[in-house]
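Chemist: Using the sequences and the hints given, assemble the complete structure.
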Amino acid sequence: MSTAADPVLDLPFDVQPDPEEYLSAAMRWHFSPETGAPFWLDRADSLGFDPLTDIRSWDDLTRFPNLANELRFARVEDLIPRGYGDRPDVVGIYESGGTTGAPKRIVLMRDWLDKLLGWSSAQLDGHGVPLGANWLIVAPNGPHMVGDVIKQQTKYRGGLSFTVDLDPRWVKKLIGDGKAAEAGAYAEHIVDQVAFALETQDIGVLMCTPPVLERIARRDDLAKLVNEKVRAINWVGTQMDPDTRHLYRTEVFPDAVLYSGYGSTMILGNASERHGLTDDDPCIYDPYSPYMSFGVVDPKTGGTVEYGARGQVVMHHVSKSLLMPNNLERDYGTRLPGLPGQIGDSVADIAPVQEFDNETVIEGVY
Amino acid sequence: MAAPLIELDALGPNGPFRARKRLTVTDVTGVPVAELSLVPKLFVTRAMKALRDAESLPAAERIAKLAAAGRIFAEEVIDGLTFEQYETTVARVSGVPLSVVRDATAAIVDSAEKSGWAAYQAQPAGAVSDWRDRATLDGSAVWTRKGSVFAVHAAGNHPGPHSLWLEALALGYRIAVRPSRREPFTPHRLITALRAAGFGADQVVLLPTDHDAADEVLAQADLGLVYGGDDVVKKYAGSNVLPQGPGRSKILVTADTDWRDHLDTIVDSISHQGGVACINATTVLVDGDPGPLAEAIAERLAAIPSLPPEDEKAVLAVQPTESARAIERYLLARAAGTNAWLGGDGVVEELGDGSAVLRPAVHQLDRPDAEQAGIELSFPCVWVAPWTPEAGIGPLRHSLVLTVLTEDDRLVDRLLDEPTISNVYRGDHPTYWIRPGVPHDGYLGEFLMRTKTVIRD
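As given, the protein sequences belong to chains A and B, one line each in that order.
Heads up: the first sequence is residues 1 to 366, going by the UniProt record's numbering.
Heads up: the second sequence is residues 1 to 457, going by the UniProt record's numbering.
Because the hints were derived from the structure by calculation, they are not lab data.
Please note that a few of the clues may not be correct.
Claimed, not checked - In the DSS-like style, the derived pairs of lysine-lysine whose C-alpha atoms are separated by at most 25 Å in a straight line are: (1) Lys155(A) / Lys229(A); (2) Lys235(B) / Lys179(A); (3) Lys224(A) / Lys49(B); (4) Lys235(B) / Lys229(A).
Said to hold, decoys possible - Computed, partial: chain B to chain A, Cβ under 7 Å: (5) Pro16; (6) Arg20; (7) Lys21; (8) Pro40; (9) Leu42; (10) Thr45.
Stated by the list, open to error - Partner residues aside, some chain A positions facing chain B, computed with beta carbon under 10 Å: (11) Asp54; (12) Met240; (13) Pro242.
We put the beta carbon where it would ideally sit given N, CA and C, even for glycine.
Modeler: Dropping the structure here:
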């Protein structure tokens with residue numbers, strides 16, 4: 001038996017709750033002993049404020065500490081709100097990080113996934129991604145969340161999923177160790193597997209990272225298959241510069257819809273880029289508000305940067321299934337105003353931390 | 001009103017490409033001069049593939065078009081610039097004195113005209129250049145390309161090195177040039193001229209990139225050429241990329257020769273071309289007391305005026321003040337413990353507009369194998385050291401050019417036998433002497449070509 005929740009926590013995906021009412025219901029859910037998760041209930045006393053009375057506006061979320069690191073050690077059972085009862089409908093336990101050191105673990109609940117799928121599927125409709133298409137998902141599967149969620153999304157939209165697994169931790173280790181050739185060989189191994197699926201199956205949508213897409217584009221036979229079969233390409237995982245996007249859209253894969261996604265396991269979801277953007281526009285992501293919301297802060301002061309300025313991305317998740325405020329991502333992005341009615345900011349042109357090339361070459365004549 | 005910026009597009013296989021990502025190229029005072037389009041890796045990959053899929057022009061056509069390109073380079077308005085405006089721009093941006101830029105661009109034109117002849121100087125005496133030659137009826141070596149696509153990571157210190165890859169074009173390679181961000185004007189003008197002369201866009205491309213995509217230019221080529229320091233030489237040694245490393249050119253005066261008779265040549269070897277070239281002398285070794293020679297060099301070099309690079313009379317190279325100061329700090333730190341005849345208190349003279357002249361430095365070392373002897377800097381900076389026959393070849397190793405002022409034929413034999421000395425000039429010849437048709441660091445053709453036996457009916 002699950003404990004009854006405030007109905008505002010269980011609205012259909014396309015019904016927007018009143019934000020303040022929603023926030024206050026979520027606080028009651030997560031900080032009531034009957035419904036909250038032990039993870040939060042155990043920490044309620046040390047917060048220094050009372051979430052039930054002191055969190056009144058969405059800006060107040062920043063009063064919470066960033067507890068993401070504690071997810072490396074927490075028992076996952078303690079992350080599940082008690083209100084879900086004795087038989088919580090858990091889709092999966094997923095991990096974030098873990099290239100070096102312990103990964104962070106998070107729980108994906110069925111009710112949140114259903115809501116997310118409804119919303120993200122509507123986003124895909126906006127991009128013109130065909131319904132009923134089969135997807136080739138070249139992305140990490142377990143313990144990572146993305147592969148599973150996209151498989152569920154494909155099913156939701158009436159298609160079949162083909163997968164090529166990708167181990168991002170291993171790739172990052174190789175690159176970190178300076179083993180570029182081995183990382184390249186691994187990427188080629190991925191592309192070899194993509195080739196079999198593309199050659200033999202009706203693939204309508206291709207999801208992959210920009211480096212894999214570049215390797216597909218490099219092989220004439222695969223580029224031809226993509227142009228024949230694939231109607232939409234969803235790139236994720238790292239940034240893609242505007243000139244490269246332009247080349248794909250005009251020269252390499254001119255007939256496919258090319259769009260990107262950005263999100264985080266720590267907020268249990270992702271957003272597709274805003275549809276209708278041209279190659280000259282920034283690549284903007286609007287989160288599924290109010291459940292997911294973004295901010296952009298100065299990494300030194302922690303203060304919010306001006307609109308149009310770049311900073312480190314902060315993500316919040318507030319749903320019935322999870323409260324995870326103030327999760328500071330490693331990515332940098334440009335802060336932009338959100339869409340009308342949206343909680344928080346939109347972010348654009350996501351990129352890793354800027355590395356400045358201040359190496360001054362002194363000796364020698366070149 | 002500031003002058004409009006010069007747009008330097010990438011020159012891809014489908015023509016000029018103006019990228020969204022552009023780098024502002026400034027002159028030595030920091031004033032923006034041009035915007036350089038930087039292409040992403042995907043653009044590089046596709047351009048390299050287009051080169052690979054193309055076919056080379058017949059030899060006679062290539063050579064005629066190279067000569068025509070030289071004339072277009074020197075005579076026509078390209079990117080909105082006359083030849084003179086282009087030369088002034090290169091001087092303003094690279095800081096290389098205008099007279100040096102003019103010598104270098106004249107050398108490029110000369111190389112373009114002579115490249116058909118110069119490139120084939122490397123052909124072995126036993127080989128012919130075409131299998132159709134009658135020699136193959138009896139069996140003969142034919143000189144053939146090792147690959148078809150050649151990549152160049154160009155240098156920006158001086159326009160001169162761009163004359164080298166023209167030989168590869170003459171030999172039938174398709175070529176990708178990644179320009180230096182410091183001076184992209186010369187390769188842009190040269191490739192535009194080559195295309196105007198009839199080389200297709202799939203024969204020669206200009207691919208300005210950031211670091212990420214730079215490796216792709218080399219990775220997708222059969223053979224490559226890169227310029228850089230010891231790290232670059234180490235990285236590419238023995239690979240399909242030919243590194244052009246530090247010059248560390250030297251002059252040796254033995255006891256049987258009086259340096260006073262050759263002071264002009266010695267001083268010129270140090271300061272000609274503003275000291276920015278790998279063929280400028282870095283070290284002068286003398287059998288005897290190096291003091292008087294160092295003093296005489298210092299006296300001559302001290303008299304050179306400090307002028308902006310575009311001044312007709314400029315001799316010394318100019319840099320943004322900040323980078324000039326960084327070089328100065330480096331020199332002062334490394335020169336500690338040596339005897340400074342010139343530049344011991346610093347070498348930077350600010351011009352008051354954000355740029356600074358790097359004035360000459362002359363330091364005396366107390367032994368030929370002092371660690372400073374190998375420090376090559378991009379301005380007239382010379383290390384004068386004692387040498388004895390007992391010290392032998394050791395201190396002379398690793399020289400792009402060695403000018404030796406001696407009566408000793410046996411010594412010249414030994415210098416020619418030394419593998420790490422690339423060129424030996426005996427007598428009153430400056431280290432910077434170079435002509436089309438003689439090798440700079442071996443013939444490029446030795447790297448690009450091989451022989452195959454052909455016999456036919």
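Chemist: Hints first: check each against the structure and report whether it holds.
Modeler: So, going through the hints one by one against the coordinates:
{"no.": "1", "hint": "Lys155(A) / Lys229(A)", "in the structure": "holds (19 Å)"}
{"no.": "2", "hint": "Lys235(B) / Lys179(A)", "in the structure": "holds (14 Å)"}
{"no.": "3", "hint": "Lys224(A) / Lys49(B)", "in the structure": "holds (15 Å)"}
{"no.": "4", "hint": "Lys235(B) / Lys229(A)", "in the structure": "violated (42 Å)"}
{"no.": "5", "hint": "Pro16", "in the structure": "violated (14 Å)"}
{"no.": "6", "hint": "Arg20", "in the structure": "holds (5 Å)"}
{"no.": "7", "hint": "Lys21", "in the structure": "holds (6 Å)"}
{"no.": "8", "hint": "Pro40", "in the structure": "holds (4 Å)"}
{"no.": "9", "hint": "Leu42", "in the structure": "holds (5 Å)"}
{"no.": "10", "hint": "Thr45", "in the structure": "holds (5 Å)"}
{"no.": "11", "hint": "Asp54", "in the structure": "violated (46 Å)"}
{"no.": "12", "hint": "Met240", "in the structure": "holds (8 Å)"}
{"no.": "13", "hint": "Pro242", "in the structure": "holds (5 Å)"}
When each numbered hint is compared with the structure, violations occur for hints 4, 5, 11.
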